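Generate coordinates for the entire structure from the input sequences, incorporating the hints supplied.
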Amino acid sequence: MTHRGTHLGDRTLAAAGLARVEGEGGMYVRVSDGRVEEVRLDIYEPPRFFEAFLAGRSYTEPPDITARICGICPVAYQTSACWAIEAACGVTLPEPLAGLRRLLYCGEWISSHALHIYMLHAPDFLGYPGAVELARDHREVVERGLSLRRAANALMEAIGGRSVHPVNVRVGGFYRVPSAGELAPVAEQLARALDLALETVRWVAGFDFPDFRCDHELLALRQPGSYPIEAGTLVSSRGLEFTAADFERHVIEEQVPHSTALHARLAGHGGSYLTGPLARYSLNSQWLPPAAAAAAADAGLGPVCRNPFQSIVVRAVETVCAIEEALRLVRAYRQPASPFAEAAPRAGTGHGVSEAPRGVLYHRYELDSAGIVRSARIIPPTSQNQAAIQDDLRGFVQDRLAFDDERLTRECEQAVRNYDPCISCATHFLRLRVDRGR
Amino acid sequence: MTGGAAQRRRVVVIGVGNTYRRDDGIGQEVLSRLRARAADDTADDTADGNPDDTADGNPDDTADGNPDDTVQLVTSDGEPASLVEAWTGASLAVVVDAVLAAAPGPPAPGRLHRIVLYRPDPVPARPVSSHGLGLGEAVRLGVALGRMPDRLIIHAVEAADVGHGPGLSPAVAAAAGPLTAAVLRDLRAG
Chain A
1 MTHRGTHLGD RTLAAAGLAR VEGEGGMYVR VSDGRVEEVR LDIYEPPRFF
51 EAFLAGRSYT EPPDITARIC GICPVAYQTS ACWAIEAACG VTLPEPLAGL
101 RRLLYCGEWI SSHALHIYML HAPDFLGYPG AVELARDHRE VVERGLSLRR
151 AANALMEAIG GRSVHPVNVR VGGFYRVPSA GELAPVAEQL ARALDLALET
201 VRWVAGFDFP DFRCDHELLA LRQPGSYPIE AGTLVSSRGL EFTAADFERH
251 VIEEQVPHST ALHARLAGHG GSYLTGPLAR YSLNSQWLPP AAAAAAADAG
301 LGPVCRNPFQ SIVVRAVETV CAIEEALRLV RAYRQPASPF AEAAPRAGTG
351 HGVSEAPRGV LYHRYELDSA GIVRSARIIP PTSQNQAAIQ DDLRGFVQDR
401 LAFDDERLTR ECEQAVRNYD PCISCATHFL RLRVDRGR
Chain B
1 MTGGAAQRRR VVVIGVGNTY RRDDGIGQEV LSRLRARAAD DTADDTADGN
51 PDDTADGNPD DTADGNPDDT VQLVTSDGEP ASLVEAWTGA SLAVVVDAVL
101 AAAPGPPAPG RLHRIVLYRP DPVPARPVSS HGLGLGEAVR LGVALGRMPD
151 RLIIHAVEAA DVGHGPGLSP AVAAAAGPLT AAVLRDLRAG
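Line by line, the protein sequences give chains A and B. Following the working numbering, the numbering of the first sequence begins with 1 at its first residue and continues without gaps. Following the working numbering, the numbering of the second sequence begins with 1 at its first residue and continues without gaps.
Be aware that a few hints might be false.
Below, a sample of chain B positions facing chain A; criterion: calculated Cβ distance under 8 angstroms [claimed, not checked]:
hint : residue
1    : 18
2    : 20
3    : 75
4    : 140
5    : 144
6    : 145
7    : 165
8    : 169
I should point out that these hints are in silico values taken from the structure, not numbers from a laboratory. Please read all numbers here as calculations on a predicted model, not as lab measurements. Here a beta-carbon is modelled for each residue, glycine too, at the ideal position from N, C-alpha and C.
Here you go:
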């Protein structure tokens with residue numbers, strides 16, 4: 001629904017739903033006298049309710065409960081929860097369980113990125129309203145995306161017990177670990193998927209990208225020597241370095257009236273920041289494994305990428321990275337004697353971070369001596385990115401005010417999809433409203 | 001894919017939803033009941049390596065069941081591509097999901113709807129759940145890719161509450177038994 005104001009340059013745009021984002025939310029843009037006065041990304045369903053009903057639960061439960069926050073990135077929730085509770089209990093995850101945790105996480109990256117690239121984002125660049133219409137004209141393309149997801153699901157089922165909301169993750173490791181033999185057929189599927197992922201990079205690198213640059217501070221994990229996936233310490237593009245334990249000293253969350261998700265900013269660094277593929281890549285591209293590094297170079301990505309529209313290329317490169325890493329981990333895997341490290345409860349607070357497909361996911365749990373959760377804090381990537389997305393949209397809309405309402409609305413939706421907002425993490429439809437009038 | 005008389009047909013029951021979104025958990029509740037029946041009825045029936053997600057065996061292989069079918073039980077969050085993957089190659093797919101009924105008419109939490117699509121090329125009714133409009137989109141995607149089951153039966157339950165937290169509302173909890181029985185009737189009928 002769109003409304004045009006009485007003055008030229010004052011207008012209201014409202015779209016009843018922004019499709020192809022993960023979650024429910026809305027966007028409101030107000031334009032007055034030819035200037036963008038306000039841009040708001042409205043998010044209705046953050047995981048704050050989960051924080052409330054985690055209190056009083058056993059320390060063994062958050063990995064399974066928080067996995068239900070999001071159907072796309074349950075492993076991220078399980079992993080950050082496990083790190084945090086293990087830290088509170090003073091447990092260090094030994095090899096090969098740590099490798100197995102990274103391997104499971106690789107499956108989630110492949111699945112989530114393939115979903116976003118093929119089903120949600122690529123239709124924007126090819127002029128289709130959605131994946132269904134893309135599938136009608138280019139069935140083989142969509143089938144390639146689904147094949148990537150099948151390989152990812154096979155990996156997640158082998159380790160996690162199932163691909164949706166895996167059930168095999170526990171504090172200290174896993175309930176059951178696979179034999180090396182059980183992973184062999186998964187490796188065969190992954191080897192074929194590597195070719196599909198490389199093809200994906202070549203495909204998306206050929207799209208047309210609007211000239212747009214975001215200058216936000218970038219925040220990501222870093223694991224020197226390897227690309228950050230399931231673990232790491234935090235680094236920013238302006239030189240910040242801190243551990244998960246200091247996350248809440250550096251990341252300040254604020255309530256904003258239009259959204260049930262809190263807005264995050266970096267303390268002392270002025271304001272909004274960006275986490276997710278662009279940040280991860282720009283802060284860690286030197287640690288991409290060989291095939292991913294070569295694919296990035298061939299795609300024309302430099303060591304840093306600040307064009308949100310090119311995030312689809314970065315996701316494709318990260319898909320290659322995740323498959324390469326998964327293959328390496330499967331080859332190195334030796335079945336451990338025990339599927340988990342014992343984690344006895346003790347009073348204390350633990351913090352955990354991991355790189356969800358959409359960016360840094362932080363958990364904090366306070367436990368009592370019996371292992372009962374006294375308080376929980378979950379900061380998902382989408383709520384961290386909310387302010388940065390709004391800032392980018394402000395500049396984006398300002399440069400495109402000459403477009404009619406329909407086109408502007410469509411392009412704003414596309415711009416939001418660059419960030420792959422998982423509003424499930426924070427919910428299924430983003431409603432867009434652009435107000436150009438009084 | 002259509003199995004011949006000597007070939008076991010693939011049948012899949014898909015429970016869509018999220019057990020931490022109240023009535024949206026009804027799909028998984030029905031799957032749990034089917035799984036329990038399979039465990040009771042076929043004590044020596046082994047799982048296919050995936051203890052929670054799928055059960056390889058007929059959930060009702062008593063005399064009134066259909067012993068020629070391989071019934072797979074699948075949990076889904078309703079994401080369209082995953083639904084298409086789950087029912088690809090099935091002769092029969094039964095989907096159980098919660099819906100919020102649209103007007104006209106007063107809401108009736110717990111009311112059951114059964115929709116049957118044969119090799120469909122439809123514009124299906126849009127079920128509304130906390131995880132979005134995945135099912136209608138999944139049918140459109142399945143049709144576009146030529147990946148629809150021979151027959152798709154959708155059991156939809158009108159929800160009272162899809163807010164945060166575990167547990168079904170009384171009206172939807174009361175519908176779980178009749179709904180499970182309705183799914184079993186479809187499995188027996190084949």
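The hints, checked one at a time:
1. At about 6 angstroms, the closest approach between the beta carbon of residue 18 of chain B and any beta carbon in chain A falls short of 8 angstroms, and the interface hint on this residue holds.
2. The criterion of a C-beta within 8 angstroms of any C-beta in chain A is met by residue 20 of chain B, whose closest approach is roughly 4 angstroms, and the hint holds.
3. Taken as an interface hint, residue 75 of chain B checks out: its beta carbon lies about 6 angstroms from the nearest beta carbon of chain A, inside 8 angstroms.
4. Hint status for residue 140 of chain B: holds, given a least beta-carbon distance of 5 angstroms to chain A, under 8 angstroms.
5. Interface hint at residue 144 of chain B: satisfied, since its Cβ lies 4 angstroms from the closest Cβ of chain A, which is below the 8 angstroms cut-off.
6. Taking 8 angstroms as the C-beta cut-off, the interface hint given for residue 145 of chain B holds, the closest approach to chain A being about 5 angstroms.
7. Look at residue 165 of chain B: its Cβ gets to within about 6 angstroms of chain A, closer than 8 angstroms, so that hint holds up.
8. Nearest Cβ of chain A to the Cβ of residue 169 of chain B: about 17 angstroms, over the 8 angstroms cut. The hint is violated.
Violated hint for the displayed structure: number 8, the only one.
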